[in-house]
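If you read the protein sequences in the order shown, they are chains A and B. Here my numbering is used: the first residue of the first sequence is 110, the next is one more, and so on. Here my numbering is used: the first residue of the second sequence is 334, the next is one more, and so on.
Treat the hints loosely; a few may be bogus.
Label-pair restraints from in silico Cβ distances [claimed, not checked]:
1) B:M546 / A:T208: 33 to 43 Å
2) B:E498 / A:R150: 30 to 40 Å
3) B:P511 / A:E165: 47 to 57 Å
Just so you know, the hints here were simulated from the structure itself, not pulled from any lab data. Computed from a prediction, not measured in an experiment: that's the story for all the values here. We treat Cβ as the ideally placed atom computed from N, Cα and C, and that holds for glycine.
What follows is each chain in one-letter form.
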Amino acid sequence: MSVDVQRRRMLCASTGIALCAALGAGLSARAEEKVIRVSARKFVFTPSEIALKKGEPVVFEFTTQDVFMGFNLPEFKTRSDIVPGKVMRMPLTPDRAGTFTFLCDVFCGDGHESMSGKIVVT
Amino acid sequence: MTIDRRQFLKLSALGGGAVFASSLAGCASMSAGEPDFYFVQLSDTHWGFSGPAVNPDARGTLPKAIAAVNALSVEPDFIVFTGDLTHTTDDPVERRKRLKEFKEIASGLKNKTVHFMAGEHDAALDNGAAWKEFFGETHYTFDHKGVHFIAVDNVSDPAARIGEEQLAWLKADLARQPKDARIVVLTHRPLFDLAPEWDWATRDGAQAIDMLMPFSNVTVFYGHIHQENHQMTGHIAHHSAKSLIFPLPAPKSQPKRDPIKWDAAAPYRGLGFREVEAEAKDAKYDIKEMPVVKA
Ligand SMILES: [Cu+2]
Ligand SMILES: [Fe+2]
Chain A
110 MSVDVQRRRM
120 LCASTGIALC
130 AALGAGLSAR
140 AEEKVIRVSA
150 RKFVFTPSEI
160 ALKKGEPVVF
170 EFTTQDVFMG
180 FNLPEFKTRS
190 DIVPGKVMRM
200 PLTPDRAGTF
210 TFLCDVFCGD
220 GHESMSGKIV
230 VT
Chain B
334 MTIDRRQFLK
344 LSALGGGAVF
354 ASSLAGCASM
364 SAGEPDFYFV
374 QLSDTHWGFS
384 GPAVNPDARG
394 TLPKAIAAVN
404 ALSVEPDFIV
414 FTGDLTHTTD
424 DPVERRKRLK
434 EFKEIASGLK
444 NKTVHFMAGE
454 HDAALDNGAA
464 WKEFFGETHY
474 TFDHKGVHFI
484 AVDNVSDPAA
494 RIGEEQLAWL
504 KADLARQPKD
514 ARIVVLTHRP
524 LFDLAPEWDW
534 ATRDGAQAID
544 MLMPFSNVTV
554 FYGHIHQENH
564 QMTGHIAHHS
574 AKSLIFPLPA
584 PKSQPKRDPI
594 KWDAAAPYRG
604 LGFREVEAEA
614 KDAKYDIKEM
624 PVVKA
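Make the full structure from the sequences, and use the hints.
Here is the structure:
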């Protein structure tokens, strides 16, 4: 996970001390914390298909390339705003296997309805 | 002009549509003596939409529906549009043009008592600013022949929230109603989690439902999902209406909620409006679905 660590350092450089400290704490507690970066733009998530392992904790990091968006994973009753200019973090430990839809839940224009993807948990 | 239920059902039978009776538990003692009436619900007209594969008559469907309403043999007491009057656009000038055109077309309704509501397509990109210029407040109440109507806005916030302020307003309004008041809630999105994975929900809708629960006679009419759907949360019935632009698949019936394609063999199938007869005697609502064009 050296790429993640490297990336997190870069993130620290760009997002300031408070977040940096939080990330650092998370890092020392769980050195192997798996980060899934998801980028949003009208009207797609990249990646739009995400493979996860049952019981394995991950942290999503959301960014948007244009407007305010949302990431909603109804089956796990969890969501996050995706705010322009920020990296939004959302932890998830999938407790069951299957294919689960995620979607943008903040109306973002003509095409919003098709802005979705899936998480495949094995 | 008032009609009684038997007369209404006879008219319904002539139209050939199915009648869905929404019967509510609890007594509506206060409504004794109030006359029956009926209103018409139209929804999701999406003026400005273009997509010939799903509706090659996108500019003709709304005028046809209005002609059909004007041709009803018994005039409704009033008409309500439950949102998505226009199809969304990023361009604020185009948004206003669509709202203006929609309003002009709707002014062709013979019945001049019309209550408009916004949908996320009209209002979510500018928090309802353009919509309000044409139609006024996005949430309001009115009373009609013993029924208290509450129009709830769950679309001006792009995150599909009613919001603290409006919830406080709703709470204050409900505090003035007796527990057996006949209450009809009009809204755009489902207030309950019908299909959250398709964005068919209201993020804080449960708070509104909780506030309504102590009232014995509550019925919700909404739009957004472009099809009829009838569900209960406790004793509260929720009835979604058809669209006047394209139908959508049944909740969770397929992976994506893509619009149902136009069928040249059955034009306007799945589209329509509805009549709702409010029956005072037992706080009952009879719903009759009407097609855009008669077969
Ligand atoms: Cu809608
Ligand atoms: Fe709609």
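So, going through the hints one by one against the coordinates:
| no. | hint | in the structure |
| --- | --- | --- |
| 1 | B:M546 / A:T208: 33 to 43 Å | holds, 35 Å |
| 2 | B:E498 / A:R150: 30 to 40 Å | holds, 31 Å |
| 3 | B:P511 / A:E165: 47 to 57 Å | holds, 55 Å |
Checked against the numbered hints above, the structure violates none of them.
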